[in-house]
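Please take these sequences and the hints and turn them into a complete structure.
Next come the chains, spelled out residue by residue.
Protein chains: 6
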Amino acid sequence: MPVVTITLIKGYADEVKTGLAERLTDAVRASIAAPLDGITVQINEVAPSGYMRGRTARKPGAPVPDAAAVVRDFLAAMEARDLNKAKNMLADDFTMIFPGTAPMRELDELIAWAKDRYAHVAKSYERFDVAPGADGVAVYCFGTLHGEWLDGRAFEGIRFIDRFTVADGKIHDQRVWNDIGETMLSEARGST
Amino acid sequence: MPVVTITLIKGYADEVKTGLAERLTDAVRASIAAPLDGITVQINEVAPSGYMRGRTARKPGAPVPDAAAVVRDFLAAMEARDLNKAKNMLADDFTMIFPGTAPMRELDELIAWAKDRYAHVAKSYERFDVAPGADGVAVYCFGTLHGEWLDGRAFEGIRFIDRFTVADGKIHDQRVWNDIGETMLSEARGST
Amino acid sequence: MPVVTITLIKGYADEVKTGLAERLTDAVRASIAAPLDGITVQINEVAPSGYMRGRTARKPGAPVPDAAAVVRDFLAAMEARDLNKAKNMLADDFTMIFPGTAPMRELDELIAWAKDRYAHVAKSYERFDVAPGADGVAVYCFGTLHGEWLDGRAFEGIRFIDRFTVADGKIHDQRVWNDIGETMLSEARGST
Amino acid sequence: MPVVTITLIKGYADEVKTGLAERLTDAVRASIAAPLDGITVQINEVAPSGYMRGRTARKPGAPVPDAAAVVRDFLAAMEARDLNKAKNMLADDFTMIFPGTAPMRELDELIAWAKDRYAHVAKSYERFDVAPGADGVAVYCFGTLHGEWLDGRAFEGIRFIDRFTVADGKIHDQRVWNDIGETMLSEARGST
Amino acid sequence: MPVVTITLIKGYADEVKTGLAERLTDAVRASIAAPLDGITVQINEVAPSGYMRGRTARKPGAPVPDAAAVVRDFLAAMEARDLNKAKNMLADDFTMIFPGTAPMRELDELIAWAKDRYAHVAKSYERFDVAPGADGVAVYCFGTLHGEWLDGRAFEGIRFIDRFTVADGKIHDQRVWNDIGETMLSEARGST
Amino acid sequence: MPVVTITLIKGYADEVKTGLAERLTDAVRASIAAPLDGITVQINEVAPSGYMRGRTARKPGAPVPDAAAVVRDFLAAMEARDLNKAKNMLADDFTMIFPGTAPMRELDELIAWAKDRYAHVAKSYERFDVAPGADGVAVYCFGTLHGEWLDGRAFEGIRFIDRFTVADGKIHDQRVWNDIGETMLSEARGST
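Chains as they are written, first to last, in my numbering: chain A, 1 to 192; chain B, 1 to 192; chain C, 1 to 192; chain D, 1 to 192; chain E, 1 to 192; chain F, 1 to 192.
Do not take every clue at face value.
It does not matter which identical chain is meant; a pair holds if it fits inside one copy or across any two.
Claimed, not checked - Below, in silico cross-link-like pairs of lysine to aspartate or glutamate (EDC-like), each with a Cα-Cα straight-line distance of 16 Å or less:
#, residue 1, residue 2
1, Lys10, Asp66
2, Lys59, Asp37
3, Lys123, Glu79
4, Lys59, Asp14
5, Lys87, Asp73
Calculated directly from the structure, the hints in this document are not laboratory data.
Right, dumping it as structure tokens:
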């Protein structure tokens, strides 16, 4: 049922407007059980000279980089071991926590720590979720890990989930949970 | 900079309107780097006789129960072992996956499975995140577990994360990841 | 697709607003092949102190009596031979033309003329159409006549159409066409 | 007094917008006795990327061919006996009823029937009225017939009225009433 | 031609809304040569829960005391020599300049200075003008002075003009010009 | 807090829109004590075919020449003694009143009158104020005069104020007050 109208200064790319309209639709649906077909979003675009706040002309805010896309790029760079690219995507206050680790600040620490865990690993993604928040956007992704243990055996289907905080196009925080410990424990018990 | 105007049929409670306005604000912020103070949301309320779609008067959609509140209630009922209350909050197609388990459909299965894991457990929450989506709302919460192992030793500070799908006020899906396996493994190794 | 928003001064009855919203919907449909469910009408109501035109507060225009209802009332009064009521519904410049008559200004002329046509007559309505125009509203109704000829024979199923001009709740003009002449002619020929 | 604002996706021709604005004005005037100069219509045009309903971008509905123009074209084609053109303007379910005829589906039937009525006939139009409706637009036109009887005598000034149903630019229905029977009857009587 | 719509949080008194609508009308007229009757102002009022800026509910700004009324009250208090009332209307940084005086800060200074000018004086107002500005509102009034000179002769018709700066309901500045000097000079010359 | 939206027919220059937005902001601030940063003005621009009032397309009103700029041009022309230019800026009903003069209608009268007052004079402006009104715009300017008396002595710092009425880009009225009389009187007394 509801009609949402938003006024922007002209000049945003179509995909920015589409993303905005989708997010506004989702925001309505998270609040009111309206039939999807009854939710209309209209974007009015005014000339720069047609907008004033506080008796002052304003510049349109820059489009926010799509947080999920930022995370996908980072994950791809990490998987390709393109550490320079990955480091450039991190905010200065970046921290990460993996299962059983203390908070780490450098990707190199992570690489070093992982060397004792597996020969190599890659992720299959089931889904990305994006949770807007007052202090940035939380991006979640989950799915399964596959790769090779240190002893050369292959593994696959191990569940994982990552949570990232993205603000201003940079990654501030990564937290990882997975079933590797559970799997190893189960193997350890099985092999007893 | 942007001004968002939404038209609703009169009659929503203040907290529904406040939640809606916050979600619309967040939707804008996830799209455009506008200064927070420049994002205005206005809710126009029209009489039921002042709204028509498809040449037909419409009833306002019911407020969507706050998905995070639904999840909090469910987690509290589970912690209090109020299984009747918890079951009432589940959709018919409910499934849950815990570390190392196959998908389960009944809370009793979960209780039975947990009996072999620990004597009791409780959660300390660091944060709830809400990700609106086209097919329902994903609610994430994470923090640490504390409780008692089967051998009577206490534990605490074990990281966990839960993901719920909520639609129409019901929980359709719960997925859990945590560091219990990692912790046990580490203990097992330490005790070797 | 289109969203129509109209601002009125508060105080119109629900049926006035409903009628207005239906007419606005029809106006859109007569212009653009939008799916019916995509046409939304919203009526914003402002306080009398919230409306000013030409630096002057305005009184809301009176609701226009539904033109089709005015015509129905007139036709019912005529059928019941309640001539006083019917006369009160006519504008000062009222004229009417029936098949084969010159323009008449008085209902009594009509009654006198009809006496030579049939003993009595009544209308069965198939449909009323309303055509808004710059100088008033044209109301059309059509269907069939039934009644009794002067010689006592019954008739039925004779097609008719009436056209009325309604402005300010008064009827200014009635024009009538029907197949009575055709029927009589056919009977005359048949009886030859 | 009222201000009507309608939001369209950009790209309609000026005459479509003008027709829409006139129809919206008429819809208001048929509802509220506002002074004509107090009725304002504003058409907001948004980019295709600035409109979303049901979380889906939409294509603007095609302009509806002006129903009165469709009817005028059809009448002109019939008068010029351009039957191919006229037939192309008819919907598959087209029917027509003339005074004293059963419903006909083919223009050829009409031509055949008319041959016994007059040598030729043409229409002088006094007015076209357009009545938007939920299931199409009714177009009325009325005026007088002139032409030549089968015996070579000229006639003129015989009242007629036509009613057409137009939907999706096609004519679905034509109904005709006129005073030809009345006129013949009157002549027959006069000649007695 | 233009339509101005302003959205306010509900609760302003009618005269505040009327004053606002008049000022908005004047602002348009000072910018565009639209016919007065074509300028419409609409005030949408939303519930307090229907307004949010910067993700925060807001309180409606207090009505600004009408600056011309503030000045009229001050002038009436001065004319009635109700100095307490008049002093309460002054801002802390108040200054005033009269013909031939240095800036004064205290009303008592003014009274003392005037004693040497005339026995008493009063103002007849021709007009008040209000000039909104970025740093407060300038109120002008002009007309003529009448009263009695120190020697007991009456005077009248001496032109004056006052300019006040009003902000937050307080008077910050008064500047006075008049023809008293001119008049005296003329008398002095005439009496030569 | 308030959001002002104004709809204009497309085509105004940026500076017209900026001036309009500033005046609308000032109109709000003169009415409601909203924080400046909370006042937003949005100018919707519709195509000429997207605006209709009274069922008639309208031409956009011409931009109103900035009244303060008109007055500044006039004052500059007068100071440069470009009387032709200055006369062209006057409305037919122009009148002016200077200290001690009767109303004058011709600039030549003024020049003649001034000849007996000073050899030459020029103005230093402290401020221009603009007061929109129902019957035109009042422009005020004040500051100090400097120049040379008839006897060759220089003068400066003599306070003045001018009030102009501007409508349709023409000056209808000038009223002048200043301290010249006061100054002369003071000199006359001092020289006694």
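Hints versus structure:
Taking the closest pair of Cα atoms, Lys10 and Asp66 never come within 16 Å of each other, the shortest separation being 20 Å inside a single copy and 27 Å across copies. Taking CA atoms no more than 16 Å apart as the test, Lys59 paired with Asp37 passes between copies only; the shortest distance there is 14 Å, against 34 Å inside one copy. When the C-alpha separation of Lys123 and Glu79 is checked against a cutoff of 16 Å, the pair qualifies only within one copy, where the shortest distance is 8 Å, while the shortest distance between copies is 33 Å. Taking the shortest Cα distances, Lys59 and Asp14 sit within 16 Å of each other only across copies (15 Å), while inside one copy they are farther apart (18 Å).
Proximity of Lys87 and Asp73 under a CA criterion of 16 Å is satisfied intra-copy only: 11 Å inside one chain copy versus 40 Å between copies.
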